[in-house]
Amino acid sequence: QVQLVQSGAEVKKPGASVKVSCKASGYNFNGYYMHWVRQAPGQGLEWMGWFNPYNGGTNYARRFQGRVTMTSDTSITTAYMELSSLRSDDTAVYYCAKSLEIFGVATLDYWGQGTLVTVYS
Amino acid sequence: QSALTQPASVSGSPGQSITISCTGTDSDVGGYNYVSWYQQYPGKAPKLMIYDVSKRPSEVSNRFSGSKFDNTASLTISELQAEDEADYYCSSFTASNTVVFGGGTKLTV
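If you read the protein sequences in the order shown, they are chains A and B.
Going by the working numbering, the first sequence opens with residue 1, and the numbers climb by one from there.
Going by the working numbering, the second sequence opens with residue 1, and the numbers climb by one from there.
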């Protein structure tokens, strides 16, 4: 069965960086884009970008360009999302989610459990 | 890319039907048949309920259905049950090869 298991909660100071991991299993990791979505406390879902493990391709939401980097280590079927220059309003639960279709973008069918990132001084 | 527009809240009684709307633009909802709907309980990850406007994953109840007209997509839940009380989010593929979510709708049963 498909599983996405994320790394644990993080506490960071403003200006620092955070790197969240997402260990995938139960499917062909290289064939499906990995998305990252965040949710600030009491707020809605915000799409951050997608990563193509097959060729390293990315597409980031405009508001995160320059601050976010999505990568993977295919040997251990793990995706990563690094966010830099953290601000207090980056405090949120960060989710990884895989695309439904092979090399498709539109639909996110399996989600990780979420990683809480707290930014405060 | 602006978020898709959803009502903040909807409510219904057990056994009734409700519809949640999701309005976008020609560059997202209106331009592609790639609208999805997600259900989220407090403290839990979202769950895919509808994709490609009206398709339903096998494990999702047939009480959930989706449709689209022009730039507005809709999620209908029939025969409301207490367990349907949750937050619902729509999303769409966009012309920039990205995904955009709606602001979310809190369903009270």
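Hint data in this document are derived by calculation from the structure and do not stem from the laboratory.
Quick caveat, the model's predicted, so the values are computed rather than measured.
Worth double-checking, as some hints may not be accurate.
[What the hints assert, rightly or not] Cross-link-like lysine-lysine pairs, in silico, DSS-like; alpha carbons within 27 Å at most:
#, chain 1, residue 1, chain 2, residue 2
1, A, Lys-12, A, Lys-23
2, B, Lys-55, A, Lys-19
3, B, Lys-68, A, Lys-23
4, A, Lys-12, B, Lys-106
5, B, Lys-106, B, Lys-44
6, B, Lys-47, B, Lys-68
7, B, Lys-106, B, Lys-47
8, A, Lys-23, B, Lys-106
9, B, Lys-55, B, Lys-68
10, A, Lys-23, A, Lys-13
11, B, Lys-68, B, Lys-106
12, B, Lys-44, A, Lys-13
13, A, Lys-19, B, Lys-44
14, B, Lys-44, B, Lys-55
15, B, Lys-106, B, Lys-55
We went through each hint and held it up to the structure:
1. A:Lys-12 <-> A:Lys-23: holds (22 Å)
2. B:Lys-55 <-> A:Lys-19: Violated - the C-alpha atoms of A:Lys-19 and B:Lys-55 are around 35 Å apart, more than 27 Å.
3. B:Lys-68 <-> A:Lys-23: violated (35 Å)
4. A:Lys-12 <-> B:Lys-106: violated (31 Å)
5. B:Lys-106 <-> B:Lys-44: holds (15 Å)
6. B:Lys-47 <-> B:Lys-68: Roughly 20 Å between the alpha carbons, so the hint for B:Lys-47 and B:Lys-68 holds.
7. B:Lys-106 <-> B:Lys-47: holds (15 Å)
8. A:Lys-23 <-> B:Lys-106: Measuring from Cα to Cα gives roughly 31 Å; hence the hint is violated.
9. B:Lys-55 <-> B:Lys-68: holds (12 Å)
10. A:Lys-23 <-> A:Lys-13: holds (25 Å)
11. B:Lys-68 <-> B:Lys-106: holds (20 Å)
12. B:Lys-44 <-> A:Lys-13: The given pair, whose Cα atoms are some 26 Å apart, holds under the 27 Å limit.
13. A:Lys-19 <-> B:Lys-44: holds (21 Å)
14. B:Lys-44 <-> B:Lys-55: holds (23 Å)
15. B:Lys-106 <-> B:Lys-55: Distance of about 22 Å is within 27 Å: holds.
Of the numbered hints stated above, those contradicted by the structure are hints 2, 3, 4 and 8, listed in ascending order.
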